[in-house]
Amino acid sequence: MNDGTPLTGTPAADPDLLYSEDEDALRAAVRSLLADRGDPATVLAGLESDVAYDTGLWRALATEIGAAGLLVPEKLGGAGASAREAAVVLEEVGRSVAPVPYLTSAVIAVTALLGCDHAQEEVAAPLAALAGGRTVGVLAVPLPTAPGGLPEPSVRAGADGALTGRVTSVADAAGAELLLVRAQGPDGPALYAVEASADGVRTDAVTPLDLTRPLGHVILDGARGRLLATGDRARTAVEQALLTGAGLLASEQLGVAEWCLTETVRHTAERTQFGRPVGSFQALKHRMAALWLEVASARAAARHAADALAAGSPDAPVAVAVAQAYCAPVAVRAAEECIQLHGGIGMTWEHPAHLFLKRAKSDEIALGAPGRHREALAGLVALDAP
Amino acid sequence: MTDAADLRRRTAGLLAAHPPATTERLEFLRARFDAGLAWVHFPEGLGGLDAPRSLQAVVDAELEAAGAPGNDPGRIGIGLGMAAPTILRYGTDEQKQRLLRPLWTGEEVWCQLFSEPGAGSDLAALATRAVRADGGDWIVDGQKVWTSSAHLARWAILIARTDPGLPKHRGISYFVCDMTDPGVEVRPLRQITGEAEFNEVFLTGVRIPDTQRLGEVGEGWKVARTTLMNERVAIGGARIPREGGMIGVAAADWRARPELRTHGLHQRLLKLWVEAEVARLTGERLRQQLTKGQPGPEGSGMKLAFARLAQEISGWEVEFLAEDGLTYDDWTLRRPDGVDFTGREAGYRYLRAKGNSIEGGTSEVLLNIVAERVLGLPPEPRTDKDVAWKDLPR
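The listed protein sequences derive, respectively, from chains Z and G. Numbering of the first sequence is given in my numbering, commencing with residue 969 and proceeding in unit increments. Numbering of the second sequence is given in my numbering, commencing with residue 227 and proceeding in unit increments.
One chain only, chain Z, in its complex shape:
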């Protein structure tokens, strides 16, 4: 984001903050699939297996619904939709804490590939594979990496294209067939495609706070990479991928917050203590009403970011920073309130509330914590630090 271009902080002329009929239809399809095959109880049951993600659910979402290719133009094998539609999928993924690599593969890795020269077969082929949901790919960066502040690559590329180095805390790395790796080459920074199964590639699983989004350290020891892009093109492709990821993560956070609020309202309206439903006590009602206002506001912020990304608006960095700075804490607060207002039930493993708290807290750190996004905003809207 801080590429030296001064931004005026002027919002796009007329952002569309509503949902279109097509988006509503897409939501209905995704919600119905996730309700059938990815409800929180099923998610919970699958978590303690050794599988990196729910492959059956992923395949259905990616191929039957065609969600994996939403961001990819039709001529490159995708559905030719936009960030607005992908955001709707992520709202539903958040609402069910579905353990699927949608954000990492279909949003971030796809956007990185779209930023490379896709007239080239080395780019077009993996892009089509990701869009079709046949392959899961991830951009190998630590999950907390924020747009606008890319550090030096932690991987070196030799003159022969052999990659060596280590990338920590890569989300969904364990289940990915394709790794997009930033590396410092002889001629500067570059982006490479590496098969996860290639010689010299190892992924060490980390025990994650958020059980529904696995983390792994990727270790490369002379692994063969195919060059995708170099120099500014590589850097811009990765920046755009992180910006899009951060902007659409706000929709996942909205979905998490919505589930937490809905379940809390349902529970407190039914649960009786002191001779009346606990949801009739003003002390609790006010907390839920305040949370509702935050969720309604998060929806406006998340829609704004998705719309700005879809339109390729110059205001997108501001819209994304605002959405992340606002939606991340709302999801955490919604999950914390959900647990508190469920009482002891909220502390149990059987109740899915903890899955939402873990996702919300992990999402808060992912792709830049709120403080990082506020810092970025200071530069974007001319509110300089002391």
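Mixed in with the good hints there might be a few duds.
[Said to hold, decoys possible] Chain G stretches covered by chain Z per the calculated footprint, using a threshold of three residues with CB under 8 Å from any CB of chain Z:
no., segment
1, 509 to 517
2, 524 to 535
3, 597 to 603
No wet-lab data here; the hints were simulated from the structure. Fair warning: this is a prediction, and the values are worked out from it, not measured in the lab. Beta carbons are placed, not taken as given, at the ideal position from N, Cα and C, and that holds for glycine.
Here the structure of chain Z is known, so what remains is to put chain G in place on it, guided by the hints.
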């Protein structure tokens, strides 16, 4: 069906017949009302054309570009936002014909006689009595409070108790009160800011003809709910630019006074900037829903967000200004024409914003409304529901 093109044609016709440069202000406003271009969604003959509300923006833009005079919506806000929609819904033809035109042109200012010293958030507990006299007129006695613009007003919307033997919501009727009538006494109520934006209004033997009643006898609460709903829509429905309102003042201060900046204040300013931008977007989303005819519940929360933000930002501003925050511009008792939340200086803004979470429904009452009507949570048990008003503890 009136469309945008038709409205542009009519606006051009109005401007041709009454060139703003050579037409007296009031004459222009009256002509605009008569052309149906005052509030286009109102019926024909009452300042409108039965057009979609969203097309008002088309007319406003054309008239502004032509330099046409406006009707000072700040000064007549209560008339526009509260009295007019209620009169339109519940008034007789005679009432509409008599009252709406001078209301809109600003020739007659309105105020609202709802709140009382003993009935604020529990508005239906009001004690002002209206008793039927011989000949059908009503004789009104009581005291109202927090009445903005009463010192300017020609008319008031008034709720009064017409049957103390009924439970509190059922014994109320709704009237239009002539503020020039004998027995109406307006006293300035000096506030925390030093000025008297509000008034106390004492009603002593005020005689109101039955023709000035809106809605049926005993149905006043239902009528008042129309008024209150429109009040909150008016508060939440405005379109503002990025960095509009209070946050714009704070951001300008920050840019202008680098010597006062600290890291702690920077963090808080950025957080408030984000919240103000999100509140703006939430309002914009609500506006888009209304334009598409899909009203969403966001409106219920907009006033809550506005109040909290205004208070936090103005508090931040006083703190940021340090030595300048210790001073105040003027404690003289003044009687302003309207409400200006961002006018004057930081200390005034800070003090005035304290009212944002009280006036027009306290934040606590609005949270109850959101919890019960939007989230569907069960109501608190009530002890006053089926008890006659006269038997309630007061």
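Here is what the structure says about each hint:
1. 509 to 517: Coverage by chain Z holds here, the residue count being 4 at a Cβ distance below 8 Å.
2. 524 to 535: holds (count 4)
3. 597 to 603: Per the Cβ count (6), the hint holds.
Going down the numbered hints, you'll see the structure goes against none, and every one checks out.
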